[in-house]
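Guided by the hints, dock chain H onto chain A, whose structure is given.
Listed here are the chains, written in short residue letters.
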Amino acid sequence: MEKSEAYVSFKNVQKSYDGETLVVKDLNLDTERGEFLTMLGPSGSGKTTCLMMLAGFETVTHGEIILDGTSINNVPPHKRNIGMVFQNYALFPHMTVNENLAFPLQVRKMSKSDIEDRVKKILDMVQLGAFGSRRPMQLSGGQQQRIAVARALVFEPKLVLMDEPLGALDKQLREQMQYEIKDIHENLGVTVVYVTHDQSEALTMSNRIAVFDDGVIQQLAVPDVLYEKPENAFVAQFIGENNTLNGKVKELDGEICIVEVSSGETVKALAVNIEGVGHSTMISLRPERVTVNPESGQCSSTVSGIVEELIYLGDHIRSRMNVCGHNDFIVKIPNSANHAELKPGDKVQVGWKAEDARALDVPVQT
Amino acid sequence: MEKNQENISLVTADGTPLKISLARAQRRSKIIAFLMVFPLLLFITIAFIGPIADMLMLSVDNSIVKKILPKSAEALQKWDEYSGQLPDEEVFAAIVEEIKQAKASKQHTKIGSRFNYESSGFSSLFRKTGRKVKKIKSPPFKDGLIKADKRWGEIYTWQVIKQNSSNYTDGYYLAALDFKREFSSGNIKSLESKDSIYLKLFFRTILLSTLITFLTFVIGFPLSYMLSSVSTRISNILIIFVLLPFWTSLLVRTTSWIALLQQEGVINDFLLLVGFINEDGRLAMIHNATGTVVAMTHILLPFMVLPLFSVMKTIPKSYVRAAISLGAHPWKAFWKIYFPNTGPGIGAGSILVFILAIGYYITPALVGGSSGTFISNRIAYHISSSLNWGLGSAIGVILLGIVLLFFVLYHRIVGINNMKLG
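Protein sequence lines correspond, in order, to chains A and H. Be aware that the first sequence starts at 7, since it is given in my numbering, and climbs by one per residue. Be aware that the second sequence starts at 32, since it is given in my numbering, and climbs by one per residue.
Keep in mind the hints are simulated off the structure, nothing from the lab. Among the clues, some could well be false.
As the list claims (entries may be wrong) - Sample of chain H residues lacking proximity to chain A, with all beta carbon distances greater than 10 angstroms (derived): (1) Leu73; (2) Glu129; (3) Phe248.
Said to hold, decoys possible - Cut-off 25 angstroms, straight-line C-alpha distance, at most; resulting in silico cross-link-like pairs (PhoX-like, lysine-lysine): (4) H/Lys363 with A/Lys115; (5) A/Lys118 with H/Lys363; (6) H/Lys367 with A/Lys115; (7) H/Lys367 with A/Lys126; (8) A/Lys85 with H/Lys348; (9) H/Lys363 with A/Lys85; (10) A/Lys85 with H/Lys367; (11) H/Lys363 with A/Lys164.
Every residue gets a Cβ at the ideal spot worked out from N, C-alpha and C, and that includes glycine.
Extracted from the complex, chain H is given alone in its bound form:
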């Protein structure tokens, strides 16, 4: 009995346990709250999270090989790719049959392009073999296939196929990070720096995004300070000017920078007029990194100003006054007292601008030229031009990883709770 009494939980007047009673009382409001977010939840799941997750799966997906060449892939498992011998007749028989089937359903070029991502030449190998495979009617299929294209007689060809025959591949990630698998030995080695594409682009994207973030801070801080110190009536008008770019198309803003910065543009003409440069010395300020930085600093500036402004507005004037009355020079009062209190705004503005910048696409594409494009432009290229969706997805996943990494770093250093977005 005594033990029971110790464990007894609180009950309401009619004897129901308090917790159950409380849950019952709150259930209705919980259901209503859930119903209110349900449409959004449904929309996001179907239209956003699902497709993106599916897209990201493409970065490791390699099921096409097992789908089109199931028997060959199976038969190849028995073959030791480092033995120095070609695979058995069984493998050749399987692949001839499967290429025939693939040709009939016009799938042989797809499998060719898949292997071509790993090693160039496979596209033409499969296309050519597809044309000739009808003639190989009887065994030995080995000789027939090598006759159709002598590359089938090279061990390397089979090494590539075997090493890329599982359902998942790391090949896209290796390519996205400028690594190359040597199929003859199975080793992974990094590309020489002159051949490096993606690492250079990742590095440039991070570097330029940092520079853009810094510039928006340098321009945005005094502006926000001014906005927060004038009367509400004036600051409301000025905030409209800050927000004005949001109501103008991104394309219009970007192309207007082309008009301003191009070699025959307004700024160059002006510099020529005042004699700062001569006709041959017109500055190249667009279609390079300068163009990207200038245009993006302009476009992303509001994202720095708004959080800064909202934080600065809440810092009482009396802080600086108190510091001055305590004997600090106004500059010192600003630096030691005011500035540290703008931290949450600086943090929020910086992380916002940086994360937006790192994934920016349109502006670098229009004004970036070759030295000012970002990694996102490469993703777009693989998704819409080269149609190597696997590689595009892999780069996308890595970019997402970088953003999350910066977010975690920010949380460690500044603390996410210290962020104030407005």
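With the rest of the complex left out, here is chain A:
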């Protein structure tokens, strides 16, 4: 059933530039029609290579890319009918905004009046109706960004690729554009494959996120699952803020395991990705899931810590503590009516529920 729904699918795709190393290792990925899929990962993780293979600018070394039921491995990029938004917009500087938008329609040999209509319509959609006769250089970064999106959509492709399109914008504008792109996606119902290294951007915009590292998809999930239930150490560390405790699995009791951390304490954690009793593990714990001075019975694991540093951030107080020999253990204390009053040097108890501490694999040190 799922296979018939896939609009874009990568099947066993491998890519090598030099014939010695693989930048994409055996990639399998299905995208549904109308989905907003984000490829998220650090630079060099293979995400952009995947996008370029989909666009047709890089050849597939092995495997197949299927678009709407047909293999596009041998379709040249200009015949794929895929819209693309580039990192630095790639607006043609020698053409006006109107000419930029008309370009894909002209190469499709549309009539002049049709071109005018479509250009006008798409300009209105991105709220830049009055800017048609300007050159790209005369527009602000955000306006250029909108034109780039409009140009990728004006010929009504079913699939739009975006390669870090918001990377050049400042923070505020970036957040605004995230919502605008998401709106456009929802209104037009196009399938979007989006590449970014910014995890908050990915969490905000996507239906599903594929986290890339080292040429492999580490986890493919909807945003909240990715954040709350990371399946391995890389995802846990890459998405959001994260406390880590290294230790050895002592006992395994169903889903729950007991881990002896390197400083000697034993804590309970959810066994997600461990090799078994006696093996090393890394416990991942979100700072907002840690309770300071918990009431008895509230937490399944409690250890002592020393407050090292406090930063007041308005809605919460960020506290750096020394816990289990790690002095970079972060606790976010909500600024609620009767939150714990702390001073640096205070001795406190910190606790968490076993299911919030996820025992994962130990990342390979590089």
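Frame of chain A; chain H shown alone:
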């Protein structure tokens, strides 16, 4: 009071007007900046601009006549050159006296050559008169002078002298543009095309320079494109090969083309070997326009490649990719998107090569023969061989004018701000 307040300018905290305070604050850095360019300014003014301006003045300078023949020139003013009468005795008396003086200081041949530029025969007239002028001791000087050389009895001789006696002359410019003044009537008419020298040379210089510019573009564009698309490591190595000619003497490069292109040269021998031509049909590729074009295209190629390369390097690959992703065939993407963006490089390279070519001297002189020489070779001839510096300067000024004209045209069409030299 109110009026005053309207006009009040901003002042600093201690009450000094802001503008004065600002100027004071910036004065130091302005002085330092000026001092840093001062040696260059001094050098250029003394060693370059001054001498060139002086040289260019030669193209209109005619003060020699008033210097050597002051009284005669003055006396001639009263004479009507179209009256059909010879000048008065007063003029003859003056010129005899002045030729005597000139002979004593050996200046009479100089004034002779000056008039000879305007009308041939004057050199020998003054030389001969100089030899005989001692014998004319008493009036009437008119008869004495005509006895010394009967050309003094012709009205034409006096017409030439009178019409060339002011401090400035347009005669060199007329000659440089193949015009001739008919002194018997004072009219200016152009030379017949078979006698035309300079216009033909100007025209050839512009035509061949255009051809050379076009050829460097045709060869340089794909080369620059390749250089800009390979990795930096490889392009750095290849750029060295482009720059290599700069480190080789211009003479060596030009003469190596002689070795290659001459009738007994490498290329002809090869064509003979493969049977493309026979022994009688050896191609004449040097000492003609072909030689000039081939050698100069080679020599000027880097000036096209470097600006093109530097512009192409800044054109993001994503432009062409974007065009392709929008559905354009790669060729169309190249032509409609990439090519227009290389405009500043093409403009800079073309104007650079063209302006260098139009004033080129050594290469056309060595390999140009008679059909491949440029106008600059003619300037050199007048400066160093015929010693007609006035004419050489006039041609130089016209050449400068042509270069400036092309520059203005370029600015009108492309815009100087659109030029990128690297």
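Status of the hints after comparison with the structure:
1. Leu73: Correct as stated: the minimum Cβ-Cβ distance to chain A is 41 angstroms, above 10 angstroms.
2. Glu129: holds (69 angstroms)
3. Phe248: Its Cβ never comes within 10 angstroms of chain A, the nearest being 19 angstroms, so this holds.
4. H/Lys363 with A/Lys115: Measuring from Cα to Cα gives roughly 13 angstroms; hence the hint holds.
5. A/Lys118 with H/Lys363: holds (19 angstroms)
6. H/Lys367 with A/Lys115: Measuring from Cα to Cα gives roughly 15 angstroms; hence the hint holds.
7. H/Lys367 with A/Lys126: Distance of about 22 angstroms is within 25 angstroms: holds.
8. A/Lys85 with H/Lys348: Holds - the C-alpha atoms of H/Lys348 and A/Lys85 are around 19 angstroms apart, at most 25 angstroms.
9. H/Lys363 with A/Lys85: holds (13 angstroms)
10. A/Lys85 with H/Lys367: holds (18 angstroms)
11. H/Lys363 with A/Lys164: holds (23 angstroms)
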